[in-house]
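Enquirer: Chain order of the listed sequences is A and B.
Each residue of the first sequence is one higher than the one before, counting from 322 in the numbering used here.
Each residue of the second sequence is one higher than the one before, counting from 31 in the numbering used here.
Derived from the structure by calculation, the hints contain no laboratory data.
Don't take each hint at face value.
[Unchecked claim] Examples of chain B residues toward chain A, derived with CB under 10 Å:
# : residue
1 : His164
2 : Ala286
3 : Leu374
This structure is a prediction, so every number in the text was calculated from the model and none was measured.
A virtual CB, placed ideally from N, CA and C, is assigned to each residue, including glycine.
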Amino acid sequence: MKRYLFIAFAAVLLISSLLATCVSASDHPALVVDESGKLTDEQERVLEAKLKEVGDKYDLDIVILINDSTGGKTPTEFADDYYDENGYGRNAGYDGILLLISLENRDITTSTCGKGIEYFNDSELEYIEGLLIPYLASEDYYGAFTAFANECDRHIESYLESQKPKYGLYAVIGIIAGLIFAAIKGSSYKSELVSVYAKGDADDYIAPSGLELSVKDDIFAFSNVAKTIITSSSSSSRGGGSSTHVSSSGRTHGGRSGHF
Amino acid sequence: MDELIEYKCAKCGGTLVFDSNLQKLRCEFCGSLFTAEELKALQNELFEKTPEDYKRTETENIFWSEQEAQGIFSYICESCGGEIIGDATTAATSCPFCGNPVVMKGNLSGELRPQFVLPFKLDKAAAKKALKEHFKNKKLLPKVFSSENHLDEIKGVYVPYWLYDVDSDASSTFKCTNSSSWISGDYRYTETKTYNVARAGNMQFIGIPADGSKKMDDTLMESIEPYDYSAFEKFNAAYLAGFLADKYDVPKEDCAERIESRAKRSAVDALRRTVSGYASVTPQDSTVNLKYDEPKYGLLPVWLLHTSWNGEHYLFAMNGQTGKFVGDLPIDKKRYWMYFVRNLLIVGGIVAGALSLIMSL
Numbered sequence: 322m323k324r325y326l327f328i329a330f331a332a333v334l335l336i337s338s339l340l341a342t343c344v345s346a347s348d349h350p351a352l353v354v355d356e357s358g359k360l361t362d363e364q365e366r367v368l369e370a371k372l373k374e375v376g377d378k379y380d381l382d383i384v385i386l387i388n389d390s391t392g393g394k395t396p397t398e399f400a401d402d403y404y405d406e407n408g409y410g411r412n413a414g415y416d417g418i419l420l421l422i423s424l425e426n427r428d429i430t431t432s433t434c435g436k437g438i439e440y441f442n443d444s445e446l447e448y449i450e451g452l453l454i455p456y457l458a459s460e461d462y463y464g465a466f467t468a469f470a471n472e473c474d475r476h477i478e479s480y481l482e483s484q485k486p487k488y489g490l491y492a493v494i495g496i497i498a499g500l501i502f503a504a505i506k507g508s509s510y511k512s513e514l515v516s517v518y519a520k521g522d523a524d525d526y527i528a529p530s531g532l533e534l535s536v537k538d539d540i541f542a543f544s545n546v547a548k549t550i551i552t553s554s555s556s557s558s559r560g561g562g563s564s565t566h567v568s569s570s571g572r573t574h575g576g577r578s579g580h581f
Numbered sequence: 031m032d033e034l035i036e037y038k039c040a041k042c043g044g045t046l047v048f049d050s051n052l053q054k055l056r057c058e059f060c061g062s063l064f065t066a067e068e069l070k071a072l073q074n075e076l077f078e079k080t081p082e083d084y085k086r087t088e089t090e091n092i093f094w095s096e097q098e099a100q101g102i103f104s105y106i107c108e109s110c111g112g113e114i115i116g117d118a119t120t121a122a123t124s125c126p127f128c129g130n131p132v133v134m135k136g137n138l139s140g141e142l143r144p145q146f147v148l149p150f151k152l153d154k155a156a157a158k159k160a161l162k163e164h165f166k167n168k169k170l171l172p173k174v175f176s177s178e179n180h181l182d183e184i185k186g187v188y189v190p191y192w193l194y195d196v197d198s199d200a201s202s203t204f205k206c207t208n209s210s211s212w213i214s215g216d217y218r219y220t221e222t223k224t225y226n227v228a229r230a231g232n233m234q235f236i237g238i239p240a241d242g243s244k245k246m247d248d249t250l251m252e253s254i255e256p257y258d259y260s261a262f263e264k265f266n267a268a269y270l271a272g273f274l275a276d277k278y279d280v281p282k283e284d285c286a287e288r289i290e291s292r293a294k295r296s297a298v299d300a301l302r303r304t305v306s307g308y309a310s311v312t313p314q315d316s317t318v319n320l321k322y323d324e325p326k327y328g329l330l331p332v333w334l335l336h337t338s339w340n341g342e343h344y345l346f347a348m349n350g351q352t353g354k355f356v357g358d359l360p361i362d363k364k365r366y367w368m369y370f371v372r373n374l375l376i377v378g379g380i381v382a383g384a385l386s387l388i389m390s391l
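Here chain B stands alone, though its shape is the one from the complex (with noise of 0.2 Å):
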């Protein structure tokens, strides 16, 4: 059986959640407030592992293997006695019998141990307040759908991420053009000249992030970037407590290709921006060495919000640490050409009717 963890309150033994207003661990039972750092002192044992914690876990994640083939995984829920079934890439989650936050220790461990998380800045209120928001100002939005959908389920979930550091050299060639004309007799002349530029340049890239879980879409993900790194810590699984986490299933190996694409066009970018002064810039040949050592894993706050309407269901995503909210609504055509009409009217009549008015003066 892999190992459970439930922090629990180091002075009344309640269980532990983590609180991202607060940015403590808060017990949801005395109302005791540690950090992370504090409970590390008092629990000492629950997160200083000695190499020989690495080699137990390994070999536990050898021995549930074949377990992992079949996608389930099982524990023991450490306050209630419950069984919690999780799958393969559960890092983090709660009891379904007594609610209680738990963390599989085993899917945080060995090669799977992130080295940073970016703790939960925003909660739970502020994502439905973020939905409920999210809805305003939506010409084409069916009226109902603000009312009627339901929120389905809400969870606070701490996404896996590959974080590429890269280093970019790159060299690009532009044919650039700049005209004059004067008149002389009764000809116009209109001179071109044309400019063979060059720019070459290196550029850093810090942290690019590549979302390490398949259950995530990447899309999604990409869609509530950025993040601020400057608010990571240090792996802690305290930090986990009271959300849920996956490990990543995604190889690095994998993700490699979509940053190199991403890193590539914003420093062909950044050379084009530098070419100025010309009346036109055609770019011409482009070349973009990158290096990059072995991504960064760290654990970025995600809060997913799942609703449904009319049989349909929608999913949005709030980044946990910047409140930047995206998700795609449904379309009410009857709507859409209601406001098409009306617009082709009003503007149609305007402009109709200042042409009679002018040309009638």
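Chain A extracted, bound-state conformation (with noise of 0.2 Å):
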């Protein structure tokens, strides 16, 4: 009877332990998810700790998953799901972004929703892209993911530096406008006061027959072709906006898929 109680109490224990645990899990799911075992217990938990230090500092969630297959889902879909289902995404709009690398098709997929979208344009994802494959072709996971958290970190804070107003350069170009306009309105009252001025011409007393043209001569002499190569807008702004879709979750994300 002892040992029922006994294997009661454990069983309790174990079932209450492992709610706890289910409840921190939703709570907090994890960023870095591992499901393809490319990553050790102490890189894991090295990039979970940077994520939450980065995704603390910008207030959203930055999520790595690391999968072998996407389940007959697209990897957009899939990313998008993933992020929806398990509750990542902070604020009322949901605000992260997951980067997905399925080992399966060679995907990389990145997933935005909420402040991500804003964040992370087009461009500056196809960039991330591109900064990662080498990584990935060479199967260096870690260091993807590694440059994957310090280009988060880097970008937001970039982004959020040009999105700060310039006060002072908009002071100094208001200082200049006023000037400008200043002295045109200052010299134009000042005209007012001049009516005194000699007349250069004597268009006033053209008789009413006016001009009469005797040779009216337009001659073509030579023409010139001059070339010039069209150059390309440059690219290394990363300006641009940022294309959503909905999820099948009724959210709305933004992201992209390649292969590496």
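Mind assembling these two chains? They're in different frames, but the hints should get you there.
Expert: Below you can see the structure in the form of structure tokens.
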């Protein structure tokens, strides 16, 4: 009887601890999900800490998922659904970004949501993809994810910096515009005071018959053709917007997908 | 002694003045009105000059040449016997003692007799009103100027003018270009076609005016142009009654240069205006040949207003026919900077504010 009691007690303990784990897991889903065993525990722990740190800094979730297969879904569908179904995303807008590496078709996919869509536009996601592919191609997954975390940190910081109003610059532009306007207005006010000036022409006295033209020649002389190469606009600025789509859960996501 | 004319009313013998509103001579005493022609018929002897009259005037001019050198002429007023002092160019004035308008015949006869006169259309009241209007809507005019400036003198003057009819033959050449561009492959091609354009033509000018009085500032007189010559009357000294008039003292030869420069500029501009349809037009050479006969001598109506403020004198002129009013005004430096700072703050604030708003959205 004692034994049964002990087993029951142990079972209650086990279930409650399992439940507690589940609850804590649903509260803070893991930011690094390695379903293919490509990372060591130590690497996972370091990455998890890094992603949490960057995510906390900008108040969004940065998630890395590596698996073998997307189970018949497109990588984008899979990434969107995984993000939505596992409770990622902070604040009301479910702000965050998920990087999915799927080994079966060598897919590299990003899915953004909420503020993530704003922070990571299409060209930035393309840049990230280009940044990670060399690591992935040489199967340096840890290197790729570290680079991803660092790029997220660097990029969001510079994005937020670029969005900050530059009041000093606006004030200088305002002063210059004001000076130009005040000077033009001032000279126009001054000119109101001057009405005495010499007449340089005699247009008022031209006879009603006007000008009678006797010669009117327009002779073509020569022609020059200049050739200039058309330069395409540079992509280094990585400007532009974010294209979005709606996931199966009805949320709006941004993102892109490619191969490595 | 030079001869002095006062126009007397055919009915009461009172002094007549030319009324610009009625365009008639009006008796200041009985109110009778006469057109210049009616008066001419009534007082034929005053207007119709026989060749002997001219001869007599010329003799008189020679006789007065010594005094002319001194620049002072004296006349005896026919109405009150007072002595009127004028200078060598005075042709019409008023007696300082009795105020009666007088015309100095000697300065308006013979070679000095104008061919045309453009009678005043606007009177003294119109000139005063125009002066008040002139002060309006001038942001930098000192506020107190309008109320404090004192009208020292206002006078209607028939200014002697040389009027040139000019015939111009002008030719000009221009270099003109048009460009078109297209894209083929990775290149943009821009073709620039250059044309040699030539224009020549004849243009007539009627009555380009040159102020023939040294007393009058040429720039001021040019500023109140143009006049409508269709209202020209054959010269009749009766139009001068009640106004001031001068005879010319700038010989016509001295005006030619200014006339030529104005005609040339207009002729070249007119040719330039016929060149169209090009993206760029660069004038190359221009030649203008001008032909003109002896200029006509005419009197044009000008109101002159002298005012003073803060120890400075200001001169204004109004075209006695069209009412065009000119005259430079003083500037209130404090107001200038006040407006400058105000505009700087308003526009600077709006631009900086709008930028901040747009960029923070």
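Enquirer: Given a cut of 10 Å on the nearest C-beta pair, is the interface hint for Leu374/B held or broken against chain A?
Expert: holds (4 Å)
Enquirer: Does Ala286/B hold up as a contact with chain A if the rule is Cβ-Cβ below 10 Å?
Expert: Constraint on Ala286/B not satisfied, violated at 13 Å.
Enquirer: Is the shortest C-beta separation between His164/B and chain A less than 10 Å?
Expert: With a minimum Cβ separation of about 8 Å from chain A (threshold 10 Å), the hint on His164/B holds.
Figure legend: structure checked against the earlier numbered hints; the only hint not met is number 2.
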